[in-house]
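K.L.:
These protein sequences, in sequence, are chains G and F.
Residue numbering for the first sequence follows the working numbering, starting at 1 and increasing by one per position.
Residue numbering for the second sequence follows the working numbering, starting at 1001 and increasing by one per position.
Calculated directly from the structure, the hints in this document are not laboratory data.
Remember, it's a predicted structure, so these values are computed and weren't measured experimentally.
Every residue, glycine too, gets a C-beta built ideally from N, C-alpha and C.
Don't take each hint at face value.
Said to hold, decoys possible - One-sided excerpt, in silico: chain F residues whose CB lies under 10 angstroms from chain G:
hint : residue
1    : Arg1056
2    : Arg1060
3    : Val1075
4    : Ser1077
5    : Asp1113
6    : Phe1190
7    : Thr1213
8    : Tyr1238
9    : Gly1289
10   : Ala1322
11   : Gly1378
12   : Thr1398
13   : His1485
Residue strings, one per chain:
There are 2 protein chains.
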Amino acid sequence: MAEAAGLPRTVGLLGAGVIGAGWAARFLLHGVDVRLFDPDPEAERKVGEVLDNARRALRRLTLAPIPAEGGLTLVSSPEETVAGCDFVIESAPEREQLKRELLSAVDGVVGPDVVIASSTSGLLPSRLQQDMRHPERMLVGHPFNPVYLLPLVEVCAGQRTSPEAVERAAAVYSALGMSPLIVRKEIDGFIADRLLEALWREALWLVNDDVATVSEVDDAVRLGAGLRWAAMGTFQSYRIAGGEDGMRHFLAQFGPALEWPWTKLTDVPELTDELLDRIVAQSDEQADGMGVREMERLRDDCLVAVLQALRTQGVGAGAVLARHERALLGGVAKRDGGAEDDEGRPLHRARVQPEWVDYNGHAHESRYLQVFGDATDGLLRRLGVDAAYLDGGHSFFTVETHLSHLGEASAGDDLAVTTQVLAADEKRLHVFHRMTGGDGEVLATAEQMLLHVDTGVGRAAPADGEVLARARGLAARHATLPLPHRAGRSIGMARPASA
Amino acid sequence: MAEAAGLPRTVGLLGAGVIGAGWAARFLLHGVDVRLFDPDPEAERKVGEVLDNARRALRRLTLAPIPAEGGLTLVSSPEETVAGCDFVIESAPEREQLKRELLSAVDGVVGPDVVIASSTSGLLPSRLQQDMRHPERMLVGHPFNPVYLLPLVEVCAGQRTSPEAVERAAAVYSALGMSPLIVRKEIDGFIADRLLEALWREALWLVNDDVATVSEVDDAVRLGAGLRWAAMGTFQSYRIAGGEDGMRHFLAQFGPALEWPWTKLTDVPELTDELLDRIVAQSDEQADGMGVREMERLRDDCLVAVLQALRTQGVGAGAVLARHERALLGGVAKRDGGAEDDEGRPLHRARVQPEWVDYNGHAHESRYLQVFGDATDGLLRRLGVDAAYLDGGHSFFTVETHLSHLGEASAGDDLAVTTQVLAADEKRLHVFHRMTGGDGEVLATAEQMLLHVDTGVGRAAPADGEVLARARGLAARHATLPLPHRAGRSIGMARPASA
């Protein structure tokens, strides 16, 4: 699978900080073996904790089939890291000399066709590759934290980098579900970090000048423009803000503000001890006792939910996720071929979407019926009710449903529906659905009666021969299963005496 | 409702650009009457279009009960706008002199206790209030586009603004579901726009220097840090990026980068004709023929999805939304108060939305249950199940539903639901709903059994005395009605012999 999808078989990672550990998680969870070096004696524990969080996030992110995890090997020197690797990533601290030494060390021991990428946030690849014997295979691949969830990776070539190396690196990142952004002009900070730095410096000024606390700055971002930035970025948001006259009008309207003192761009606040202490204290207060792993999980849950939200719109990071899921599914469809479903295997799977949740904190009752309706549609497709059948003026309509709620489904829960055909005749189809949650608990059941209709005249009519034969066949096979004890049930309670 | 929830009865709006029209939509959809002035002859059409998009977004955003829309009146002068208003908002273009003139004009004709808020993105309230006779009621309330979806509003007092005015404005914004951020130090650009301006200036430089196109800049934001900003803002994201050692480690690690040329903060790019043309052309290419209303809808759908995603995590803008939904639930209970409905009057009305329609050309079966569920919620509110009751750890959960489909509902159809309480005891509520279409034909019925639960322990528990008394009273009154002939019904059909 790894090779087929453009992934390396084994990746060598130099550095296991927040970024290096994130890379390890993304590769491992895509089935790639990882060899890792970091002088930190606690590296193994830290990587393990990040990996736990990454597994948890990925399970929530997608229903697409994830390959079996790769193997993780911790080694004790940079040279050992890269043995047998066909892709190398350096994620050491942002010190040019340190990075140059590491890159030279691995340059000497790994085949000249193996790409070596640096995760630097803004150092120039032309400088980083200076001491290398094979600088043409060196480039920058700058990811964003958490690396296992955010799709952006900036790819920047140095003066001596070959186009083949850029192409190979971009293919690897795409196979990991990321979206490589090729930085065409080599500049300090590339593209994203220039934007982040500008905002960050201004944020530091606001705290330095006691205009706002770190918590107020965060709210100013996340309750306003941050929501737009997640969806559309800055230019497209402003285009819309320009109204019917679009971008030109926006620029005309807000152009003058560029001349006004609306940012403190001319200088950089000095990180004095006093300012450091203030930021740290405010940040501690904001964290309210939450440890970093816990906060990472909250962040990941938010990111997963936002990515899934954008996927429903096919926009931005959501579009990247959808593409990646299709690629993962394609791999499986090829593996599973024409496998036929039987009554033991769920006819339909779904995940509780955030918008399904009502004020009681779990899915609204109508959403259970939506999922059961989708399961019925799955059954009908298996009986041969396809687009041509519908176009021919025939369909099944539900005439009665008896729903029983036995448990609660919360946002993110995985649901599976199994379906038993209780009876079928020329015009009727009697089915019983069971919905289970991730742990196999039955959350709800639905008994349904469907009527076969001629949609042209809007009346019941016999089903076509082949559909009917399949329905009867399934009913006969399912008759060997016990009758569900909730089938045929009615709702009852003693009425009060008339007032 | 309007008064009870801290909302004005009537709001006067000066200016119907993107921001003014957004304010109009947010107030109207919260049941507040709006009087609006804008010299643009096309103002009415434009506001109508924004309002259409806002209605659509709000319907998707929440299942909470939305009050009946306020009335919109367009007038022909600033003075007419504010007649009878108890809150005024100025959203004119960002020209200090123009704003001062408008503010003075309304200052002269509206009672001195009425708050007048300016939507300015960064002009100082102390300067804007200079010519006013009653400057103490003037302040800045700076919202973000789209005003009807983003919760952030910066509240900034001028030197002569009274604390009461700030308090009143914050109460109004909160009642609109927004989250007022009090700007404690009056500075140009307040808090949010300083951050936005810093990023925006850097973005302009990147395009000016041909480092990136507008589309590449947008991707650099929305595929990376933009996702984090939506969830957590900048400081909290960096705290996590600091790993186990948190904020101090992050500052130590990236502090040096502040000295490096990672932004172009020292200067402002000149908006030459050439740069303007380039940005406009790249923006047009990015838009790919999509008109502004269409793009607004896509943006709104993304924002709705992101807000709902964050609501599942109780974080940032999602927490604001959840709070507001609770308030809306409470507001309705209060509004409906003791007004006892009788069995002849529909408990709930709805209109079939286009997105409810499935491949059979009428509403999906789950949408009938959605409408019946809303009718049940209406009944529960009438019994006294309000936000306080829910917060107290009690609610009713549906445990069984028997749905019968007798007709079909198509997009645009008006639906009405009448409800009969068949029985009620300490823990159970047995109801029967009938849904009729515009011509009175019964389209569907639903028999439901609800269980009263202690949501803290997740078990059935007796209802509170007053709620129980109301439920029993209604059941006794409804016992005089005939028992619906579909009540107590079960689904049945002969099973085939085992295969």
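K.L.:
Which hint numbers doesn't this structure obey?
P.N.:
1, 3, 4, 5, 9, 11, 13
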